[in-house]
Amino acid sequence: MKAQKLIGLALAVLMIGAFAATVQAAPTQEDLDFYKGKLVTYIVATKPGGGYDAYGRLVGRYLQKYLPGSTVIIKNVPGAGHIIGANEVYLSKPDGLIIGTFNTGLIYSQIVGQEGIKFDLTKYSWIGKASSETRVILAGNKTTYQTIKDVLDSKDEIKVPASGVGSQDFNETSVLAIALPAKFKPIPGYGGNEGEMAILRGECQVIIGSYTGLMGFIKSKECRVLLQFGSEHKIPALANVPHISELSVSPRGKSLINLVNNIDMIGRLTAAPPGVPAGRLEVLRDAYKKAVTDPEILQEGAKLGLEFDPAYGDDVQKMIREAINQPEDNLKLLKEIIKIE
Amino acid sequence: MGKGITGGHAMSLWDGIWGGLAAATSWPACALMLLTIPIGLVIGIIPGMGGNMGLALLIPFTFGMQPIAGFAFLLGMHAVVHTGGSIPAILFDTPGTGPNAATCIEGFPMAQKGEAGRALGAALTSSMLGGVLGAIFMAMIIPVLRPLVLAFGPPEFFMMAIMGLAFISLMAGESLLKGLMAGGMGLIISFVGMDPQTGVVRFSYGMLGLMDGINIVTVVVGLFALAEVIDMGVKGGAIAHTESADVKGTGVMQGIKDCFTYWWLLLRCSIIGNIIGIIPGLGGDAAAFICYGHAVQTTKQRDQFGKGCVEGVIATDSAHNSKEGGALIPTLAFGVPGSSGMAILLGAFMILGVSPGREMFTKHLDLVFSMVWVLVFANIIAVMLCLPFAGKMAKITFIRTSVMIPFILVCGILGSYLTTSKIGDILITVIFGGVGYAMKKFDYARGPLILGIVLGRIAENALHVSLNLYGLMFLFRPITLILLIITLATVLFPVYKDRVKKRTARGGIG
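From first to last, the protein sequence lines stand for chains A and B.
Quick note: the first sequence, position 187, residue 187 per this note's numbering, numbers continuous.
Each position in the second sequence, counted from 1, maps to that position plus 341 in this note's numbering.
Please note that the accuracy of each hint is not assured.
As the list claims (entries may be wrong) - Here are the simulated DSS-like pairs of lysine-lysine, each with C-alpha atoms no more than 27 Å apart in a straight line:
hint, chain 1, residue 1, chain 2, residue 2
1, B, K763, A, K93
2, A, K65, A, K93
3, A, K303, B, K704
4, A, K36, B, K519
5, A, K123, B, K763
6, A, K142, B, K704
7, A, K75, A, K93
8, A, K38, A, K123
9, A, K219, B, K704
Said to hold, decoys possible - Chain A side only, calculated, beta carbon under 7 Å to chain B, not exhaustive:
hint, residue
10, I84
11, G164
12, I187
13, P188
14, M197
15, G216
16, K219
17, E222
18, R224
19, N240
What the hints assert, rightly or not - If you anchor each label on the Cβ, the simulated ranges turn out as follows:
hint, chain 1, residue 1, chain 2, residue 2, range
20, B, M481, A, G37, 48 to 56 Å
21, B, V541, A, E322, 28 to 36 Å
22, B, K704, A, T144, 23 to 31 Å
Treat the hints as calculated values from the structure; they're not laboratory data.
C-beta atoms are modelled at their ideal positions from N, C-alpha and C, and glycine is treated no differently.
In isolation and in its complexed conformation, chain A is listed as follows (with noise of 0.2 Å):
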């Protein structure tokens, strides 16, 4: 009976949003109009420095291109592996006037009901995505990894630098030791870049972490890129590291290195809090859309190693809604690995 209701209740929000979505025309000048002079606040949900604060700084500045006459500043919102900023950005006034970015991971968080979190991912105000994130698998010098048959293969515990429990590096890192699998024990605890120094000085051994935020980490020498996943393709930085697809895994892990990956396509979003009046919100899909497009953008961001694979509005709803929506059994595994005390 209760499915049943909710499955009406999906059914109708989905067919609601399908008539919104044939009836929105383009932005009116009025809702162009209320963005003169006044002030955006992008947050972004971690600290200065890192991948998402290197994204939310270059759309911010080509999203006030296209919001004429507005300022739009960055609002750093850091903690809780992006938990505080996510609830921030939902329980924030849906007046147009703020939007964020944050860890797509948080879609495991709230899969598992983590505490703390108070907004609901599917209710959003989604505006896009601005790429697919390409994740990586690195190995400090100083272990004997060489290759990711090494890592698979160790005896030995793998420690995983994690920012916080219920961050989405400690969740990935938790759900590919089963689904690779292979002996990583996620550490918590390392903000910011400290991860990288826990890999110089050898206490922990391995990262597993978006390539933008590692990449100044990677280009200094300092380690060996061993795996890349998240987006569907290799990227021609990492042409000669192995994706996860040409890993052999069981059907049970293959399932949920899918969810990590769809987790993963849906990188470097932006969102609102729920209820934006739709015709502000079509204001910024709209300069959001010419902001990620812009030619401009993508050659300052190929400077920054930021790239650029966006989709926009309602598809990313409805890609946020398929993640959510996990198989009964997939389900219970993550709760399961993943254990919030």
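For this one, chain A is given, so just place chain B on it according to the hints.
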């Protein structure tokens, strides 16, 4: 280990030094640096605006610049932010940036004694010398950089934080018990917010704003600036309790002289600040406070601390600028930024086409040294710009409080708000204003509370990570053990001395 970094030739080091000097003084790099130094000072002086904000504002202008010009442009600004930040800390008890919070502890009481000029002179000069010494020290340790940086991990961070917390016992003032209570309160405040180890939110009572934890500037503005405003409102008069600005031994020149009188303290704090900058993980706020604690620990006139002691200002201000030089090291050597400002700079470096790594210290040593020179020049020029006005600025403290109170209120509240951009934090500042006034009235030292907040979270997190990695064995790592012994000595020695003193006193009576 280290030989990959220097390339092994002393010659190349000299080439790097002179090549760097030529690059830093080349056109247009030197002009761009001159342009951004005043910007950095102003950003520092405005409470709540920090170097990170400055970098984020300036980076778009660097597109298309040559790398050296780009560094000079960004570093010139970044290097001097804390220099400017000490000015409001001394004059209005409102720190311009986070690390300047430590300057308030002694700087403002000096202003109250009528020594604002001396405090400004000492702060500016030690900022400059700290920045320059930090840059020189950074150049000197390039050969041993790698082992030095990698010697400090979570167990060492934990012990350093505990060592810093042990300074509470020295900073407590007249009553050790009251000092410990204040420090304990600071620790509890530092635990507010999300715990990374469990994902559980603590002490937030459901308030979203508290999930982030409580920012140090938010607390300091309340605890110091607002508390002083209340006190001034009650007492009247001026900030300075003396009559005239021209009393001998209170002026800017005296402050400059003090830096040379206490040159040994200044040198040590520059080096400590630099090392804390080199090791990512402790943060810039910690550097100034640990140096302050060090000054209290080693001074011959401990009873003067908390009442406006110039040594405290010299210690904190030499630390915060020398730290910036140090933070460049892991950024350039490993691509791992040592502070959030450096993370932004690293992004900018990559925009400018420079990749971090060992090659920076072999093939591109001149680039590294051009940055060192920019740090040196920026620190000197910034202070030359400020010093002539220091005497005039000090006169502000002789203005009637009825004129000054609104100004300090606006300055403080604005600083609190700009730092975190949260309206709720203004309320926190106001609450701490009340707390600060009560502490002042009932003779609780406020330094320990701030120290507890700055170091509590570092200590807790580092303890968890250390236990996770090594179990209890982490205590027996060599550096950890040495730090532990120093800490125990810091805590137990005064107790022992006190005992001895009491015993001899009792003996005298008997």
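Going down the list of hints, with the structure as the test:
Between K763 (chain B) and K93 (chain A) the CA atoms are separated by roughly 14 Å; this keeps the pair inside 27 Å, and the hint holds. Restraint check for K65 (chain A) and K93 (chain A): satisfied, since their Cα atoms lie roughly 23 Å apart, inside the 27 Å limit. The suggested pairing of K303 (chain A) with K704 (chain B) holds, with an alpha-carbon distance near 22 Å, which does not exceed 27 Å. Simply put, K36 (chain A) and K519 (chain B) have alpha-carbon atoms about 54 Å apart, too far for the 27 Å limit, and the pair is violated.
Only pairs whose Cα atoms come within 27 Å are accepted, and K123 (chain A) paired with K763 (chain B) is accepted, the gap being roughly 24 Å. With a C-alpha separation of about 23 Å, the suggested pairing of K142 (chain A) with K704 (chain B) holds against the 27 Å cut-off. This hinted pair checks out: K75 (chain A) and K93 (chain A) have alpha carbons roughly 16 Å apart, not beyond 27 Å. The straight-line distance between the Cα atoms of K38 (chain A) and K123 (chain A) is roughly 25 Å, inside the 27 Å bound, and the hint therefore holds.
Restraint check for K219 (chain A) and K704 (chain B): the C-alpha separation of about 15 Å stays at or below 27 Å, so the hint holds. For I84 (chain A), the suggested interface contact is upheld, since its CB lies about 5 Å from the closest CB of chain B, less than 7 Å. The interface hint given for G164 (chain A) is met, as the beta carbon of that residue sits about 3 Å from the closest beta carbon of chain B, less than 7 Å. This hint holds: I187 (chain A) has a C-beta 5 Å from the nearest C-beta of chain B, less than the 7 Å allowed.
At its closest, the beta carbon of P188 (chain A) sits 5 Å from a beta carbon of chain B; the interface hint therefore holds under the 7 Å criterion. At about 5 Å, the closest approach between the beta carbon of M197 (chain A) and any beta carbon in chain B falls short of 7 Å, and the interface hint on this residue holds. The criterion of a C-beta within 7 Å of any C-beta in chain B is met by G216 (chain A), whose closest approach is roughly 3 Å, and the hint holds. The interface hint given for K219 (chain A) is met, as the beta carbon of that residue sits about 4 Å from the closest beta carbon of chain B, less than 7 Å.
Contact between E222 (chain A) and chain B, as hinted, is supported at the beta carbon level, the nearest pair being about 5 Å apart and thus within 7 Å. Hint status for R224 (chain A) relative to chain B: violated, with the closest Cβ pair at about 14 Å, above 7 Å. Proximity of N240 (chain A) to chain B is violated relative to the hint, the smallest CB-CB distance being about 18 Å (cut-off 7 Å). Checked against the hint of 48 to 56 Å, the pair M481 (chain B) and G37 (chain A) passes, with Cβ atoms roughly 52 Å apart.
Checked against the hint of 28 to 36 Å, the pair V541 (chain B) and E322 (chain A) passes, with Cβ atoms roughly 30 Å apart. Roughly 29 Å separates the CB atoms of K704 (chain B) and T144 (chain A), a value that falls within the hinted 23 to 31 Å.
In summary, the numbered hints that this structure violates are 4, 18, 19.
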